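Number of protein chains: 2
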Amino acid sequence: MRTSQFPIQTLKEVPADAEIVSHRLMLRAGMIRKLAAGLYTWLPMGLRTLRKVEAIVREEMDRAGALEVLMPAVQPAELWQESGRWEHYGPELLRLRDRHQRDFCFGPTHEEIITDLARAELKSYKQLPVIFYQIQTKFRDEIRPRFGVMRAREFLMKDAYSFHLDSASLTATYQRMHEAYSHIFTRCGLAFRPVRADTGSIGGNTSHEFHVLADSGEDAIAFCDASDYAANVELAEAIPATAQAPSPTESARLLDTPGVRTIDDLVHGFAQPIERTVKTLVVAAAPESGSALVALLVRGDHELNLTKAEKLPEVAAPLRMATEEEIRAAIGAGPGSLGPKDLPIPCIADASVAVTSDFSAGANQDGKHWFGLNWERDLPRPRVADLRTVRDGDPSPDGAGRLRIARGIEVGHIFQLGCKYSEALKATVLGEDGRATTLTMGCYGIGVSRVVAAAIEQHHDEQGIRWPTAIAPFEVALLPMKLGKSFRVREATEQLYDDLSAAGIEVLLDDRDARAGVMFADMELIGIPHRIVVGDRALDAGHVEYKGRGDNETQLIPIEEVVGWLVARLRAVP
Amino acid sequence: MRTSQFPIQTLKEVPADAEIVSHRLMLRAGMIRKLAAGLYTWLPMGLRTLRKVEAIVREEMDRAGALEVLMPAVQPAELWQESGRWEHYGPELLRLRDRHQRDFCFGPTHEEIITDLARAELKSYKQLPVIFYQIQTKFRDEIRPRFGVMRAREFLMKDAYSFHLDSASLTATYQRMHEAYSHIFTRCGLAFRPVRADTGSIGGNTSHEFHVLADSGEDAIAFCDASDYAANVELAEAIPATAQAPSPTESARLLDTPGVRTIDDLVHGFAQPIERTVKTLVVAAAPESGSALVALLVRGDHELNLTKAEKLPEVAAPLRMATEEEIRAAIGAGPGSLGPKDLPIPCIADASVAVTSDFSAGANQDGKHWFGLNWERDLPRPRVADLRTVRDGDPSPDGAGRLRIARGIEVGHIFQLGCKYSEALKATVLGEDGRATTLTMGCYGIGVSRVVAAAIEQHHDEQGIRWPTAIAPFEVALLPMKLGKSFRVREATEQLYDDLSAAGIEVLLDDRDARAGVMFADMELIGIPHRIVVGDRALDAGHVEYKGRGDNETQLIPIEEVVGWLVARLRAVP
Numbered sequence: 000m001r002t003s004q005f006p007i008q009t010l011k012e013v014p015a016d017a018e019i020v021s022h023r024l025m026l027r028a029g030m031i032r033k034l035a036a037g038l039y040t041w042l043p044m045g046l047r048t049l050r051k052v053e054a055i056v057r058e059e060m061d062r063a064g065a066l067e068v069l070m071p072a073v074q075p076a077e078l079w080q081e082s083g084r085w086e087h088y089g090p091e092l093l094r095l096r097d098r099h100q101r102d103f104c105f106g107p108t109h110e111e112i113i114t115d116l117a118r119a120e121l122k123s124y125k126q127l128p129v130i131f132y133q134i135q136t137k138f139r140d141e142i143r144p145r146f147g148v149m150r151a152r153e154f155l156m157k158d159a160y161s162f163h164l165d166s167a168s169l170t171a172t173y174q175r176m177h178e179a180y181s182h183i184f185t186r187c188g189l190a191f192r193p194v195r196a197d198t199g200s201i202g203g204n205t206s207h208e209f210h211v212l213a214d215s216g217e218d219a220i221a222f223c224d225a226s227d228y229a230a231n232v233e234l235a236e237a238i239p240a241t242a243q244a245p246s247p248t249e250s251a252r253l254l255d256t257p258g259v260r261t262i263d264d265l266v267h268g269f270a271q272p273i274e275r276t277v278k279t280l281v282v283a284a285a286p287e288s289g290s291a292l293v294a295l296l297v298r299g300d301h302e303l304n305l306t307k308a309e310k311l312p313e314v315a316a317p318l319r320m321a322t323e324e325e326i327r328a329a330i331g332a333g334p335g336s337l338g339p340k341d342l343p344i345p346c347i348a349d350a351s352v353a354v355t356s357d358f359s360a361g362a363n364q365d366g367k368h369w370f371g372l373n374w375e376r377d378l379p380r381p382r383v384a385d386l387r388t389v390r391d392g393d394p395s396p397d398g399a400g401r402l403r404i405a406r407g408i409e410v411g412h413i414f415q416l417g418c419k420y421s422e423a424l425k426a427t428v429l430g431e432d433g434r435a436t437t438l439t440m441g442c443y444g445i446g447v448s449r450v451v452a453a454a455i456e457q458h459h460d461e462q463g464i465r466w467p468t469a470i471a472p473f474e475v476a477l478l479p480m481k482l483g484k485s486f487r488v489r490e491a492t493e494q495l496y497d498d499l500s501a502a503g504i505e506v507l508l509d510d511r512d513a514r515a516g517v518m519f520a521d522m523e524l525i526g527i528p529h530r531i532v533v534g535d536r537a538l539d540a541g542h543v544e545y546k547g548r549g550d551n552e553t554q555l556i557p558i559e560e561v562v563g564w565l566v567a568r569l570r571a572v573p
Numbered sequence: 000m001r002t003s004q005f006p007i008q009t010l011k012e013v014p015a016d017a018e019i020v021s022h023r024l025m026l027r028a029g030m031i032r033k034l035a036a037g038l039y040t041w042l043p044m045g046l047r048t049l050r051k052v053e054a055i056v057r058e059e060m061d062r063a064g065a066l067e068v069l070m071p072a073v074q075p076a077e078l079w080q081e082s083g084r085w086e087h088y089g090p091e092l093l094r095l096r097d098r099h100q101r102d103f104c105f106g107p108t109h110e111e112i113i114t115d116l117a118r119a120e121l122k123s124y125k126q127l128p129v130i131f132y133q134i135q136t137k138f139r140d141e142i143r144p145r146f147g148v149m150r151a152r153e154f155l156m157k158d159a160y161s162f163h164l165d166s167a168s169l170t171a172t173y174q175r176m177h178e179a180y181s182h183i184f185t186r187c188g189l190a191f192r193p194v195r196a197d198t199g200s201i202g203g204n205t206s207h208e209f210h211v212l213a214d215s216g217e218d219a220i221a222f223c224d225a226s227d228y229a230a231n232v233e234l235a236e237a238i239p240a241t242a243q244a245p246s247p248t249e250s251a252r253l254l255d256t257p258g259v260r261t262i263d264d265l266v267h268g269f270a271q272p273i274e275r276t277v278k279t280l281v282v283a284a285a286p287e288s289g290s291a292l293v294a295l296l297v298r299g300d301h302e303l304n305l306t307k308a309e310k311l312p313e314v315a316a317p318l319r320m321a322t323e324e325e326i327r328a329a330i331g332a333g334p335g336s337l338g339p340k341d342l343p344i345p346c347i348a349d350a351s352v353a354v355t356s357d358f359s360a361g362a363n364q365d366g367k368h369w370f371g372l373n374w375e376r377d378l379p380r381p382r383v384a385d386l387r388t389v390r391d392g393d394p395s396p397d398g399a400g401r402l403r404i405a406r407g408i409e410v411g412h413i414f415q416l417g418c419k420y421s422e423a424l425k426a427t428v429l430g431e432d433g434r435a436t437t438l439t440m441g442c443y444g445i446g447v448s449r450v451v452a453a454a455i456e457q458h459h460d461e462q463g464i465r466w467p468t469a470i471a472p473f474e475v476a477l478l479p480m481k482l483g484k485s486f487r488v489r490e491a492t493e494q495l496y497d498d499l500s501a502a503g504i505e506v507l508l509d510d511r512d513a514r515a516g517v518m519f520a521d522m523e524l525i526g527i528p529h530r531i532v533v534g535d536r537a538l539d540a541g542h543v544e545y546k547g548r549g550d551n552e553t554q555l556i557p558i559e560e561v562v563g564w565l566v567a568r569l570r571a572v573p
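Which chain is which? The protein sequence lines are U and Y, in order. Residue numbers for the first sequence follow numbering that gives the first Met the number 0, so the first one is 0 and each next one is one higher. Residue numbers for the second sequence follow numbering that gives the first Met the number 0, so the first one is 0 and each next one is one higher.
Keep in mind that the hints were calculated from the coordinates and are not lab data. Errors might be hidden in some of the hints.
No distinction is drawn between identical chains; accordingly, a pair holds when it is met within one copy or between any pair of copies.
Claimed, not checked - Computed cross-link-like contacts, PhoX-like style, restricted to lysine-lysine with a CA-CA straight-line distance of at most 20 Å:
(1) Lys33 / Lys425
(2) Lys11 / Lys33
(3) Lys367 / Lys340
(4) Lys419 / Lys484
(5) Lys122 / Lys33
Keep in mind that this is a model prediction, so the values were computed, not measured.
Whole structure, please, built from the sequences with the hints as guidance.
Quick look at the structure:
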């Protein structure tokens, strides 16, 4: 392609409402333009990258044996009513009425539609397992669309759905999809982590999110520095640093602590190491627990994890913190003076609290704290659970190393759905025993357009985008100097353009006859991974100038070798 | 592909609500399934063909220099209000509201969106001409969706839009698109005609429809048997068979014609040749004509063309036939007794009427007709216009031969829009003279999903679909006989499958081990153009059995030659 036929639409100014770097760079590089809030037009340059990601996704899904279909974007309400989601989905579901006043929605996902198809098309266990997928436009009416295509309302998604006779078959396919996703993001040239998204209660559903690592990511993920373990930071299991509490060295003392209401007061006012302070947080108890309130203990330097707390059988869901009034009525002291010793309500300790010795905590009397407390000696050992959010440096739950915290952008999500939709829609097949068996399902999504933005968040610098070659809009920028003045430059450039194209390399020839600085800046902004400059001076010695997008220096390559040299370089890039 | 991995989803029964053959065959061959009225899911088999059509369209658009973009399906009402279409589009426009109660629509077309993009991105004449296109899902809320994907509500469309400094540039691009469309439909293996869709008033817009010829087509088109001339039958110019009226041979006679109210009565009751009868039809006149009514004359065997009549300056638009009451009040006779002689209202004659001699017509008195009338001799020569619809056998307007009438399915439409949208949206560029110049536009659509249905309407037989090879879901069906019993058949089939695949041929290997009749019927229904049968008997002589989808007989091909033989055959097919 030549810029005369494939115009560059770069912008010099940084658009005011673009908050994150990928949004800014996609606008500046002429990849997208905003139509309305959360609605973007893909310009030719951006669409080339989008189509490359799409092609990689399609190839790997096909390779994994998935069958491509194309379902309508507009979906009848009846199926959503059957699944119960018409009522429960909320305002992200764009509901609409046709001319006959029948209810439809613009599909944000297709579980209902594919399950309806499956119940009609799948009759026998012999047709299982089967995976259907599509690459299609979705709509989610985000309350605050932002970050360009990262959190757009209309977006391109690959959604896949698998059907099985039993959960063993689902598990096998789930694993296959997990591998396909790893291939996809690897081929896109992205650093990513599959992250356990829900450790779940026993027998619950398994789910993994695929995160592209980037400092700007909205999600914090915890991953092991010595193994494959990775989980959403909210869900990662917190392991105490020691297995057992050290032996007591202090005696228990009840002291007056006027004005001490926080851990900070205790640490600074009484020189307590924060690791040996205990916070007591009171929440509403589950009705069946026999108590109105329950206390949760975490170390002073740890954070209560609300997601984990809410899953405890003793705790009411949704989780609700007790009011000061409720606390005073039940315990006789305010929230700043609570502690596990002589506590008149049930109490659950985080695993790290259970291995803490010589600790300080409130005495359940206003203005008094206990110091030098030790389990068993001074108060009974409490029920123990995982109540806190992991921190950088914590032991990895798989015992392999330490947890590190990184930020990630969710670009994929795989999920063992089980029978949720097949039960609701009565999707069954005849099993081997001839009896109707409810289908078991998995679903597997990739935000295709989001992958493009995530790739930029991970790969950019001050000058612009630094595309991984596999998803770059072009592989090579060919920049002739003084095209209008030098016949020799023109001739060499045209020859090189033909030779590179014939070698199957995607070249963008900048034939604008612009100043070198303008061309360099545009090609760096757009992020083309390889740059060849053709100029009279280098041609004198039979050379052209090469610079990789991430290189600091240019290098001279003999013109007759450059095509072979680039082919080798390009095809070697992962 | 193997049927074990790419399951066949054929149906034996003909679905009850499928009215046309392509709809029936697409359902039976397992290409599509209905989700709701006018909404279809493309199954894997159907999607393969859809994607092939899409790929051909994309290649030819790219080759013509068009730039691919992707605009949102959901469009803000504001732009449609700017163009005026928010009010005028009618209920086919699917209007919707987002969670903030802002108005949007699901785009049935994208003139407003692309013009909005153009006014932002195009600044100078140097950027012109430029063509943008997209291949995207559209929605038109048809009042009565039917015929499967032929007239669906949600469908896949290629829409392109070109921008120009002047109409000369538009005309050149229009011609280029005309050629690209011809390449596309030729490559799809379809018999088609580009048809002039609007002969238009002078200075008006030029437009061509591309029709796939098929007896089931909804549109009648008139085309010349000796030239490229083709037009929608409603718009084709009607030329009289003779240039001048023959000399009179009869005298004018006023006769009592009790009970004669129709041309049929006149022909049968008074032995008049129908070609020498004249119908007088009275319509409301244009207000500025000075008369309330105007009479239109066509020969008894011709049909008044309402589209042509409405365009006459004397006729009120929209066209309205006069009531009997109005006619009696103005003329003093009923509609069955009208004629041009002594008619008290203005009168316009079709060109064929103007060259008719010795004709009969009503006498503007109930129960009386004139016979043997001749222009000039018996009544003044009237104003003449083209008022009738052409018939098979009429002279071609270009003077080259005779018109034939065929039925067609509209699959493409190209249109010289001019400044309609660019004026409304104030889309200008700086011209060479430095002054703001309103953009001139063209638009160019192809119903990609409709092409699939139209191809079937044109290519099918009793057994099923007969795909043109270029858009067949697979090129070759490989059918082993008694796969489960014959090791030799299995071995030969697997070898052939590998060799055909390696040669770049798309093979569907039916490894169901079904009966021959079942496999033959399925592959004929699906319409795979070439069939290879591997069986023990033929293998004895080193042969496999070949049959083209349209062949009556099978032929034996030496197994070691069959790959090369097929490659030659497949690549020779246009």
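Results of checking the hints against the structure:
In this assembly of identical chains, Lys33 and Lys425 lie within 20 Å of each other by CA distance solely across copies; the values are 19 Å between and 42 Å within a copy. Taking the shortest alpha-carbon separations for Lys11 and Lys33, only the intra-copy value of 17 Å comes in at or below 20 Å, while the best inter-copy value is 49 Å. Only within a single protomer do Lys367 and Lys340 lie at most 20 Å apart by alpha-carbon distance; the minimum there is 12 Å, versus 120 Å between protomers. Within a single copy, Lys419 and Lys484 get their C-alpha atoms no closer than 70 Å, and across copies no closer than 42 Å, so neither meets the 20 Å cut-off.
In this assembly of identical chains, the alpha carbons of Lys122 and Lys33 lie at most 20 Å apart only when taken from different copies (18 Å versus 46 Å within one copy).
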